[in-house]
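**Student:** Heads up: the protein sequence lines correspond to chains A and B, in order. Note that the working numbering has the first sequence beginning at 1, numbered continuously upward. Note that the working numbering has the second sequence beginning at 129, numbered continuously upward.
Since the hints were derived computationally from the structure, they do not count as laboratory data. Here the structure is a predicted model, which means the values were calculated and not measured. Each hint should be verified, as a subset may be incorrect.
As the list claims (entries may be wrong) - Which stretches of chain B does chain A cover? Using the computed rule of at least three CB atoms under 8 Å from a CB of chain A, they are:
1. 139-149
2. 154-162
3. 224-238
What the hints assert, rightly or not - Computed, partial: chain B to chain A, Cβ under 7 Å:
4. Ala135
5. Pro177
6. Leu253
Unchecked claim - Non-contacting residues of chain B with respect to chain A, defined by C-beta distances greater than 10 Å in every case (computed):
7. Leu165
8. Tyr168
9. Phe173
10. Ala197
11. Thr201
12. Phe211
13. Pro256
14. Gly257
C-beta: ideal position from N, C-alpha, C; glycine also.
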Amino acid sequence: MLLRYRGREGMYGWLFHRISGVAIWAFVILHVVDIYLVGGNPDAYDELLAIYASTIGRILEVLLGAALLYHALNGLRIVILDFWPAMTRYQRVLWWAVWVPFVLIGLPVAYQIMAPVFGLPQFEFGGG
Amino acid sequence: MSGAPRASRQRPHGGGWEVAVWYLMRLTGVALFVLALAHYLIVHFLFDPSAQTATWIIDQRWNQLFWRAFDWTLLMMVLFHGFMGMRTVIGDYTHRPRVRVLLLTILYLLAVLLFVIGTLVVMTLPTPGGA
Numbered sequence: 001m002l003l004r005y006r007g008r009e010g011m012y013g014w015l016f017h018r019i020s021g022v023a024i025w026a027f028v029i030l031h032v033v034d035i036y037l038v039g040g041n042p043d044a045y046d047e048l049l050a051i052y053a054s055t056i057g058r059i060l061e062v063l064l065g066a067a068l069l070y071h072a073l074n075g076l077r078i079v080i081l082d083f084w085p086a087m088t089r090y091q092r093v094l095w096w097a098v099w100v101p102f103v104l105i106g107l108p109v110a111y112q113i114m115a116p117v118f119g120l121p122q123f124e125f126g127g128g
Numbered sequence: 129m130s131g132a133p134r135a136s137r138q139r140p141h142g143g144g145w146e147v148a149v150w151y152l153m154r155l156t157g158v159a160l161f162v163l164a165l166a167h168y169l170i171v172h173f174l175f176d177p178s179a180q181t182a183t184w185i186i187d188q189r190w191n192q193l194f195w196r197a198f199d200w201t202l203l204m205m206v207l208f209h210g211f212m213g214m215r216t217v218i219g220d221y222t223h224r225p226r227v228r229v230l231l232l233t234i235l236y237l238l239a240v241l242l243f244v245i246g247t248l249v250v251m252t253l254p255t256p257g258g259a
C-alpha cells in the first residue's frame, strides 16, 4: 500500500504531507546533532554554518521552509477536519486554501533567504 | 475507509495507546505550529543564519533561560511528533513483523539519542559569564 487516498486533492494533500514530514524529520536529526556541536565543538559548528550559508545551503533552507510551511498548514487543516466534522464538506476547498498563506508567507521568506546570493537587500528588523 | 473522503486517519476505536497517540499527534502538531514556525521565522527571516555562530548563540540566544526553555520544549514536541509520525510511515511500508520491529527499534533508539544530546547541550552550554 503505497498510496492511501486515491485521486485528486485528498491524495496529493496526504502525499505532500508525508513527503514533507519525512524530509523535516531527516533535517531534525541533522539539526539536533549540529546544535550539539555548539557546545561540543564550536569550531566545527561554525564551519558547518558556513556551508548552511552558502548558495546550495540557502536553497536547501528554502526547501526546508517550504516543507515546514506546507506540513504546518495542511496539518492545521487536518486538525480542523478532525475536530470540526461539519467542515468535511469543504475538505478540498481547505486544501486549496492552504496554498494562500503558503505563498503569502513563503515568498517573502524565500526572498529573505536567497537575497544575499544575488546581492539584494534583506529586510531589516532592528537588532539584526 | 468508508463514506466521505478523509484528510487523515480515523480516530482508532477502543481505547489505549493508539487513541492516545492519535490525540497527541494533533496536540503536538498544534504546539509545533506555533513553536516550529516561530523558530524558523526568527532564525531564518528575522536574522540571517550566517550571523548565528556558536559564539552568537552562547552570547545572544542561550544566554536567556526563555530561549533555552523554548528550544527544549520545541525539541520535545518535535521528537514525539516526528518519531511517532515515522512509526506510522514504517508501519505502512513494512509487511514482515521482524523487519518492522527492527526498524522501530532503531527509530526509538535514535529518538532517545537525540533526546539525550539535545537535553545535554541545552542544559550544559555555558552562559556568557562562564558559569
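**Student:** Hint numbers the structure violates, sorted upward?
**Tutor:** 1, 3, 7, 8, 9 and 12
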